[in-house]
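Build out the structure end to end from the sequences listed, making use of the hints.
There are 2 protein chains.
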Amino acid sequence: MLENSTRTELESIGEFGLIDLLTAHINLHQPSTLKGVGDDAAVINHLNNRTVVSTDLLLEGVHFDLSYFPLKHLGYKAIVVNLSDIYAMNAKPTQVTVSLGLSSKFSLEAVEELYAGMLMACNRYEVDLVGGDTSSSKQGLVISVTALGEVTEEDIVYRSGAKVNDLLCVSGDLGGAYMGFQLLERERRVFLANPEVQPDLEGKDYIVERQLKPEARKDVIKLLKDIGVKPTSMIDVSDGLSSEIMHLCRHSNVGMNVYEDKIPIDPQTYDMARELDLDPTMTALSGGEDYELLFTVDQSDFDKVKNKPDISIIGYVTDASEGIYMTSKSGNKHALKAQGWKAF
Amino acid sequence: MLENSTRTELESIGEFGLIDLLTAHINLHQPSTLKGVGDDAAVINHLNNRTVVSTDLLLEGVHFDLSYFPLKHLGYKAIVVNLSDIYAMNAKPTQVTVSLGLSSKFSLEAVEELYAGMLMACNRYEVDLVGGDTSSSKQGLVISVTALGEVTEEDIVYRSGAKVNDLLCVSGDLGGAYMGFQLLERERRVFLANPEVQPDLEGKDYIVERQLKPEARKDVIKLLKDIGVKPTSMIDVSDGLSSEIMHLCRHSNVGMNVYEDKIPIDPQTYDMARELDLDPTMTALSGGEDYELLFTVDQSDFDKVKNKPDISIIGYVTDASEGIYMTSKSGNKHALKAQGWKAF
Numbered sequence: 001m002l003e004n005s006t007r008t009e010l011e012s013i014g015e016f017g018l019i020d021l022l023t024a025h026i027n028l029h030q031p032s033t034l035k036g037v038g039d040d041a042a043v044i045n046h047l048n049n050r051t052v053v054s055t056d057l058l059l060e061g062v063h064f065d066l067s068y069f070p071l072k073h074l075g076y077k078a079i080v081v082n083l084s085d086i087y088a089m090n091a092k093p094t095q096v097t098v099s100l101g102l103s104s105k106f107s108l109e110a111v112e113e114l115y116a117g118m119l120m121a122c123n124r125y126e127v128d129l130v131g132g133d134t135s136s137s138k139q140g141l142v143i144s145v146t147a148l149g150e151v152t153e154e155d156i157v158y159r160s161g162a163k164v165n166d167l168l169c170v171s172g173d174l175g176g177a178y179m180g181f182q183l184l185e186r187e188r189r190v191f192l193a194n195p196e197v198q199p200d201l202e203g204k205d206y207i208v209e210r211q212l213k214p215e216a217r218k219d220v221i222k223l224l225k226d227i228g229v230k231p232t233s234m235i236d237v238s239d240g241l242s243s244e245i246m247h248l249c250r251h252s253n254v255g256m257n258v259y260e261d262k263i264p265i266d267p268q269t270y271d272m273a274r275e276l277d278l279d280p281t282m283t284a285l286s287g288g289e290d291y292e293l294l295f296t297v298d299q300s301d302f303d304k305v306k307n308k309p310d311i312s313i314i315g316y317v318t319d320a321s322e323g324i325y326m327t328s329k330s331g332n333k334h335a336l337k338a339q340g341w342k343a344f
Numbered sequence: 001m002l003e004n005s006t007r008t009e010l011e012s013i014g015e016f017g018l019i020d021l022l023t024a025h026i027n028l029h030q031p032s033t034l035k036g037v038g039d040d041a042a043v044i045n046h047l048n049n050r051t052v053v054s055t056d057l058l059l060e061g062v063h064f065d066l067s068y069f070p071l072k073h074l075g076y077k078a079i080v081v082n083l084s085d086i087y088a089m090n091a092k093p094t095q096v097t098v099s100l101g102l103s104s105k106f107s108l109e110a111v112e113e114l115y116a117g118m119l120m121a122c123n124r125y126e127v128d129l130v131g132g133d134t135s136s137s138k139q140g141l142v143i144s145v146t147a148l149g150e151v152t153e154e155d156i157v158y159r160s161g162a163k164v165n166d167l168l169c170v171s172g173d174l175g176g177a178y179m180g181f182q183l184l185e186r187e188r189r190v191f192l193a194n195p196e197v198q199p200d201l202e203g204k205d206y207i208v209e210r211q212l213k214p215e216a217r218k219d220v221i222k223l224l225k226d227i228g229v230k231p232t233s234m235i236d237v238s239d240g241l242s243s244e245i246m247h248l249c250r251h252s253n254v255g256m257n258v259y260e261d262k263i264p265i266d267p268q269t270y271d272m273a274r275e276l277d278l279d280p281t282m283t284a285l286s287g288g289e290d291y292e293l294l295f296t297v298d299q300s301d302f303d304k305v306k307n308k309p310d311i312s313i314i315g316y317v318t319d320a321s322e323g324i325y326m327t328s329k330s331g332n333k334h335a336l337k338a339q340g341w342k343a344f
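As given, the protein sequences belong to chains L and Y, one line each in that order.
Take the first sequence: its letter number 117 is residue 117 in this note's numbering, and every next letter is one higher.
Take the second sequence: its letter number 282 is residue 282 in this note's numbering, and every next letter is one higher.
The reader is advised that the hints may include incorrect statements.
Copies of the same chain look alike in the list, so a pair counts if it works inside one copy or between any two.
With a cut-off of at most 20 Å between alpha-carbon atoms, the simulated EDC-like pairs for lysine to aspartate or glutamate come out as follows [as the list claims (entries may be wrong)]:
| no. | residue 1 | residue 2 |
| --- | --- | --- |
| 1 | Lys163 | Glu11 |
| 2 | Lys337 | Asp20 |
| 3 | Lys333 | Asp277 |
| 4 | Lys306 | Asp219 |
| 5 | Lys262 | Glu154 |
| 6 | Lys333 | Glu202 |
| 7 | Lys138 | Asp65 |
| 8 | Lys333 | Glu153 |
| 9 | Lys138 | Glu185 |
| 10 | Lys72 | Glu196 |
| 11 | Lys337 | Glu11 |
| 12 | Lys138 | Glu215 |
| 13 | Lys225 | Glu126 |
| 14 | Lys72 | Asp219 |
| 15 | Lys304 | Asp271 |
These are calculated hints, taken from the structure and not from any lab test.
Dropping the structure here:
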């Protein structure tokens, strides 16, 4: 990687020069990758497994703000959010393709930073970057990632398998990425108002990292396999707990009841929410970008999932006619509402 | 599809409402598609075949101008350019994923037009649209398509298999899409200067269609199979003949000699180039977006490929040390230069 003080204009190296430079550091991990970048298409050998494929689009000004999002982190996150979808199928991610739209404000060094973050994620998750497209953009940075994964017929988990009396579980904790986002936004506004003031992120490293460098729960998929639990349904938490619960209920044609006091929230998330006059539970329900796994398991698996530090049992599955509710700390039942972006 | 006179704001239906509406018309064609849209990832059953995957990013203002590109055509083209990459591996495209970034200037009706064009292409090529992502965009329309295909180990064709004395062939004709683009650009400028003037596209339907509604050469892949010819190397013509020849030479470590008078150019392309004071050969070499197939075949296949209306033999493969040349109509040899975008 070159020093930040150097700036090489992208136009000076051209499309093919850029592709050569970016792809020089790609390592391949998967035996199924027969051909990576460099032809019209990558070639993957999938034997008798199921191939799963998922795609995500990240746009500057919508999904990220480069004024506080380091490019290396952004690259890392762009890969991770796609892998999270593959894990949510109980599958193993194997390959990704990456398309980049780059405006002239980006130097080669900046693009290399972005790509270095992507490759760091690929190496960490042992996923092969096998192709993509680079293009100029008049509209800021555009990142599109497609991930492929594999899974056997017996292991695959859809959103549609939840059944009445199943336990509703979630990995890790929720709301942290959203509180990290709110914190970074606040510090950006402070900085814009007075550039002398340094960002105050002291003691808030966890929620900042949840926003800037999330991880996909490969470890939870492994844990479930190790303890012999196959979820009946699963989804990753990208839009917020409330929205994901609605998805599971809709696809499985069931209702759910979730207990507010069981929703796992980290102390930093809780404190930040209080500091910003927000309800901590709302950050978990509607914040999103946690990339935790929300899943249901059969009641008979209770002993296997209880007391696992990475898994919280937060509710149970009901008949569809009973609706989708949260039981609050005070014992009242509130109907949950769907979220998703409203950014148009 | 609703009438154009109706305008439904995207914000009034939200992300999930939009996804439901757009995906309601998807037909599945491939037995290998076990699960399409609606979960974290699509699920594909690939048995013992190779999976090939290719991806493309199309950005407003860079790859298309909505002032003359009808949205339905744009959707059609966005799919076709990806399928073309799959055919260029001698593979059969089977699934696509589509990510859209939409700014608030697009109504639901506009997005439905775009999507209708995509589904038209999917139906025409019997490809399944199995997933994607929709997002708001502050930057105009963003389209990212990833295509998957399958091919047996014996049939797959890379860019790297060309060998000395192979024949260099191209399907269809070249330069038409670029001349269509130049014509549409000219008429747009005339219209901007004087909105009373109607576009003059009379007798130029072929080159306009080459730009606005290109097709992938599924028929040529079938023809080659029918006549028992397996190309030794292949690529699709997206950046221009010159650039694609360079790719084949580089990946196969060979040289090539192409004859200017063998390059297939349609009369409409030729006339339009002359009208615009351009060299018709240059439109074929550097124009791009033809989505024809450029491939090499063994000399022993000469009798099989000669006299096929859809195939032109335009040159032959030489040792790498002999370089990459075009022999002009006057008999002079010119070194070919790489192209690719210079749009940064």
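Hints, one by one, checked against the model:
| no. | hint | result |
| --- | --- | --- |
| 1 | Lys163 to Glu11 | neither (56 Å within a copy, 33 Å between copies) |
| 2 | Lys337 to Asp20 | between (48 Å within a copy, 17 Å between copies) |
| 3 | Lys333 to Asp277 | neither (23 Å within a copy, 75 Å between copies) |
| 4 | Lys306 to Asp219 | within (17 Å within a copy, 58 Å between copies) |
| 5 | Lys262 to Glu154 | neither (31 Å within a copy, 56 Å between copies) |
| 6 | Lys333 to Glu202 | neither (37 Å within a copy, 68 Å between copies) |
| 7 | Lys138 to Asp65 | both (17 Å within a copy, 12 Å between copies) |
| 8 | Lys333 to Glu153 | neither (38 Å within a copy, 58 Å between copies) |
| 9 | Lys138 to Glu185 | between (25 Å within a copy, 18 Å between copies) |
| 10 | Lys72 to Glu196 | neither (25 Å within a copy, 51 Å between copies) |
| 11 | Lys337 to Glu11 | between (48 Å within a copy, 17 Å between copies) |
| 12 | Lys138 to Glu215 | neither (31 Å within a copy, 27 Å between copies) |
| 13 | Lys225 to Glu126 | within (18 Å within a copy, 37 Å between copies) |
| 14 | Lys72 to Asp219 | neither (23 Å within a copy, 44 Å between copies) |
| 15 | Lys304 to Asp271 | neither (32 Å within a copy, 75 Å between copies) |
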